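Undergrad: Listed below are the residues making up each chain.
There are 6 protein chains.
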Amino acid sequence: MSIVYLSRRATFCASHRLHSEKLSPAENKKLFGKCNSANGHGHNYILEVIICGQLNPKTGIVMDLTKLKKIIEDSVVARVDHKNLNLDVREFKSLNPTAENMAVVFWEWLEEALPKDLLYEVRLHETENNIAIYRGE
Amino acid sequence: MSIVYLSRRATFCASHRLHSEKLSPAENKKLFGKCNSANGHGHNYILEVIICGQLNPKTGIVMDLTKLKKIIEDSVVARVDHKNLNLDVREFKSLNPTAENMAVVFWEWLEEALPKDLLYEVRLHETENNIAIYRGE
Amino acid sequence: MSIVYLSRRATFCASHRLHSEKLSPAENKKLFGKCNSANGHGHNYILEVIICGQLNPKTGIVMDLTKLKKIIEDSVVARVDHKNLNLDVREFKSLNPTAENMAVVFWEWLEEALPKDLLYEVRLHETENNIAIYRGE
Amino acid sequence: MSIVYLSRRATFCASHRLHSEKLSPAENKKLFGKCNSANGHGHNYILEVIICGQLNPKTGIVMDLTKLKKIIEDSVVARVDHKNLNLDVREFKSLNPTAENMAVVFWEWLEEALPKDLLYEVRLHETENNIAIYRGE
Amino acid sequence: MSIVYLSRRATFCASHRLHSEKLSPAENKKLFGKCNSANGHGHNYILEVIICGQLNPKTGIVMDLTKLKKIIEDSVVARVDHKNLNLDVREFKSLNPTAENMAVVFWEWLEEALPKDLLYEVRLHETENNIAIYRGE
Amino acid sequence: MSIVYLSRRATFCASHRLHSEKLSPAENKKLFGKCNSANGHGHNYILEVIICGQLNPKTGIVMDLTKLKKIIEDSVVARVDHKNLNLDVREFKSLNPTAENMAVVFWEWLEEALPKDLLYEVRLHETENNIAIYRGE
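Read top to bottom, the protein sequences are chains H, X, P, B, D and F. Position 23, counted from 1, in the first sequence is what the working numbering calls 9; the numbers after and before it change by one each time, with no gaps. Position 15, counted from 1, in the second sequence is what the working numbering calls 1; the numbers after and before it change by one each time, with no gaps. Position 87, counted from 1, in the third sequence is what the working numbering calls 73; the numbers after and before it change by one each time, with no gaps. Position 106, counted from 1, in the fourth sequence is what the working numbering calls 92; the numbers after and before it change by one each time, with no gaps. Position 57, counted from 1, in the fifth sequence is what the working numbering calls 43; the numbers after and before it change by one each time, with no gaps. Position 42, counted from 1, in the sixth sequence is what the working numbering calls 28; the numbers after and before it change by one each time, with no gaps.
If we strip away everything but chain H, and leave its shape as in the complex, we get (with noise of 0.2 angstroms):
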């Protein structure tokens, strides 16, 4: 029985502002920068969900790509694509929109979705040189 990595890659278009409620405006403008911005910016962002299971001996499959390609699509991309992260998604209204926090936010709802103990990895690229990584740890 071969354990298999499957990397299913998705993008979305969607607008942010880097802002804690837990830290002063001050605060706030240190930290993040023109990412501070009171009318936010944006980003094409790029999502890769890694899964890791067993090599199906009779299909030759980890996992049907249809349908790992709809739970990405109905749990994340319908979720996020074309939105303002902290005005139109409720997990982001009261928590910064990271990309640390959105590849947590991310990984939650797509393990709610996935079969049990499918999901190995959570890659969200912000930019060509920014990516953050979760694997539920």
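Worth flagging that the hints you see were computed from the coordinates, not collected in a lab. Since the structure is predicted, the reported quantities are computational estimates derived from the model, not experimental observations. Please note: incorrect hints may appear among the correct ones.
The list treats identical chains as interchangeable, and a pair is accepted whether it falls inside one copy or across any two copies.
Claimed, not checked - In silico DSSO-like pairs for lysine-lysine, Cα to Cα no more than 27 angstroms straight-line: (1) K79 / K20; (2) K20 / K55; (3) K79 / K15.
With chain H held as given, fit chains X, P, B, D and F onto it using these hints.
TA: Frame of chain H, contents of chains X, P, B, D and F only:
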């Protein structure tokens, strides 16, 4: 005397909402779909500025690259990076910030700042799938 | 009135065999080498469709992007995606499916479906090294 | 003694049809959709081979890169490039050529050809969205 | 008879120092900054050679791709790959190896080797941000 | 408390010559081939620095990104960008500047500058085909 083209890439992150004041809310919704969502969304834009001119036989360049970088930075990037285009950028307060309009506005900003007759083409990548191109025609 | 170009990218996966009915088997083998192997091979093709038209001052666009996407999907992608070009696509049953011929055929399909005089260029990437470009000339 | 990982990329073009002999035609159609179409389709595959070993303090390398390139070329690329996986490659005549199965088969081919215990990971990109990863587990 | 453009990509690695014999040391330093540092630096160059010609109705190609690859390899890549441009390449011993000058020199090398009137454009990517383009004008 | 990984990308251009003082000229030539050419060659290197730490629930980050960028810039990029590694960088005057050795040296530079226990992985892309990875093992 050789004519050479030089393309210089820059990137910026911004949010926008596609919405034309000259259309009704229903028309905006119909034409722009989720790009019209009320609180906006955003992109990692890639801007390519292409100049065209005579190759200087003494230096081997068309234009001082440090100056070109600074002009792109000052004329375009500084005005739009980490901004909400509709709310923060004067030109787009009444002009719909489509990739097409952005390419035209950036051309105007660049043409004013560059030596006469050097600017050849502005390419604005909104996503990995959409590029607007303007040549001043 | 500004003239703006808009490039829209689509992708599809297909298999093909380079083989011209107008050449002998030996000529085919000599000219196309391993691309002539009997059972075919395949590619992840990238198609860029570039339209050119007047920027509508009311909407800020050249053409409704949703319509352009649908035309590319219906006119090209649906006919070739996950197909064997030589066996499954009428046009290539007797026409060698080179990147060059594909670009010309896709131009014809697109020109028929798009509003008159909008189509400017078809770029077909066969691999990361090879691109065929057709402008209807 | 430092442990260093080295990743080497190769590319090849092949066609395949997802179809398992252990499933009925209806099950194959349901599970693989258009990837099951009778005459096959194809991809530009990207293969990343990652080795892991001690850094040789005399040479500054983990393994002679020319040898690694030749092993990847001889063990994998020469067997699959410009081939129809289902018809031309012995291993996939009765094994469904999914990205997952391909990663496992390539691991076996590479492990046989590489010095003992060097191979760490095989990453096979089927499209820009799908990657199968195998670590010999 | 259709006119089709075909772009072929090649890569090479080289070092260079931007320095013009026609400028004083101070002028060189001012104009080229860190690119003028005494011991040079280097790049992974990407070269795109675009030819333009009539589509041969018998073969479905503009030019034998194997021949085009060999001409690019022999005329350009073999002369510059893994070389120090200023010290190892005759043309750049007295000519500043800017991307602009390289594009012009490569055009001359390619034009000599290619069938008459086929060469349309040379694109030389020095980094992901800088591209020099020459069309023989 | 969640453990999150954050990857930050930087780029630099440098020249080098693969040559080990501990090998004879013939051994160097045999092992490194054209990478051993006397006057060197160069690359556009891509450096990915991956840190791993606890997600701060107050700020939503693992580490101040502005500080991380500055550390990468000061500790690595400023020392190697637009340099000849063999001649201009103290560490590589007697150490062969292979991608493997560079990854180890960069790890040491970064570990000294970063808060304790944050550094997880250094990935150095020498070309689009070669990546050296070091995790401090």
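Undergrad: With reference to the structure, classify each hint as holding or not holding.
TA: Comparing the hints with the structure gives:
no., hint, verdict
1, K79 / K20, "both (20 angstroms within a copy, 20 angstroms between copies)"
2, K20 / K55, "between (34 angstroms within a copy, 15 angstroms between copies)"
3, K79 / K15, "both (19 angstroms within a copy, 25 angstroms between copies)"
Checked against the numbered hints given earlier, the structure satisfies every one of them.
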